[in-house]
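The residues making up each chain are set out below.
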Amino acid sequence: DGGITQSPKYLFRKEGQNVTLSCEQNLNHDAMYWYRQDPGQGLRLIYYSQIVNDFQKGDIAEGYSVSREKKESFPLTVTSAQKNPTAFYLCASSMSTGGETQYFGPGTRLLVL
Amino acid sequence: GIQVEQSPPDLILQEGANSTLRCNFSDSVNNLQWFHQNPWGQLINLFYIPSGTKQNGRLSATTVATERYSLLYISSSQTTDSGVYFCAVGYSGTYKYIFGTGTRLKVLA
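In order, the protein sequences belong to chains A and B. Going by our numbering, the first residue of the first sequence is number 1, and it counts up by one from there. Going by our numbering, the first residue of the second sequence is number 1001, and it counts up by one from there.
Worth double-checking, as some hints may not be accurate.
Stated by the list, open to error - Derived CB-CB ranges, DEER-like:
1) ALA1109/B - PHE12/A: 34 to 40 Å
2) TYR10/A - TYR1048/B: 27 to 33 Å
3) ASP1010/B - LEU111/A: 24 to 30 Å
4) GLN56/A - ARG1068/B: 24 to 30 Å
5) LYS57/A - ASP1010/B: 30 to 36 Å
6) TYR10/A - LYS1054/B: 32 to 38 Å
7) SER1028/B - THR101/A: 27 to 33 Å
8) ILE60/A - GLU1005/B: 17 to 23 Å
9) GLU1067/B - ASN53/A: 39 to 45 Å
10) PHE12/A - ASN1018/B: 39 to 45 Å
11) ALA1109/B - THR20/A: 38 to 44 Å
Unchecked claim - Computed cross-link-like contacts, DSSO-like style, restricted to lysine-lysine with a CA-CA straight-line distance of at most 30 Å:
12) LYS83/A - LYS1096/B
13) LYS14/A - LYS70/A
14) LYS1096/B - LYS57/A
15) LYS9/A - LYS1096/B
16) LYS14/A - LYS83/A
17) LYS1054/B - LYS9/A
18) LYS71/A - LYS1096/B
Since the hints were derived computationally from the structure, they do not count as laboratory data. Ideal placement from N, C-alpha and C gives every residue a C-beta, glycine not left out.
The shape of chain A in the complex, shown without the other chains (with noise of 0.2 Å):
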């Protein structure tokens, strides 16, 4: 089946510790984005991605990285410096850039220790 899949579902973070959520398509789309979620709002873009080997800021990337090294994968890394990471994280892909249907992953929740 086509679609969009990231994990962990659920991931733990200690202090001063560094994660990376996995996100995968294989919808065969050009570009990818990482949304930040919290409790009771909308979604914020963190970062996003037209091309391999290219990625832009988006509001809120402070704290967090990424690499498309990979058309089908676009991994992000919440690190030490995100001093509030607690937040449900959604990657999402499109066909083309700028404006295309938007198609969503199931999230991986993220919780601090």
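Add chain B to chain A, keeping to what the hints say.
This is chain B only, laid out in the frame that chain A set:
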């Protein structure tokens, strides 16, 4: 930056009732999507509707871009319609969709 406001923030319906959700945005946009977030957090595309009217089963949407609003209609609501409905807007040629804060819908059996 562009502001996206959704109303009402919360809505409780009896099964079988109809409802209208509204999305107002503060600037002209080229892209607009409606999503349903189910209780498990999954966002499901409902409509990509920068202008005009679309229908899909019991759901329909209308965007009047010149007046900067979009409406989502839910007819004959079912308990499975419960969740949060988000409107997201963006400009052509950019990657930044701006999400509203959502309408939280609960449909009672």
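**Message:** Hint compliance check: list the failing hint numbers for this structure, sorted ascending.
**Reply:** The structure conflicts with hints 7 and 17, although it agrees with all the remaining ones.
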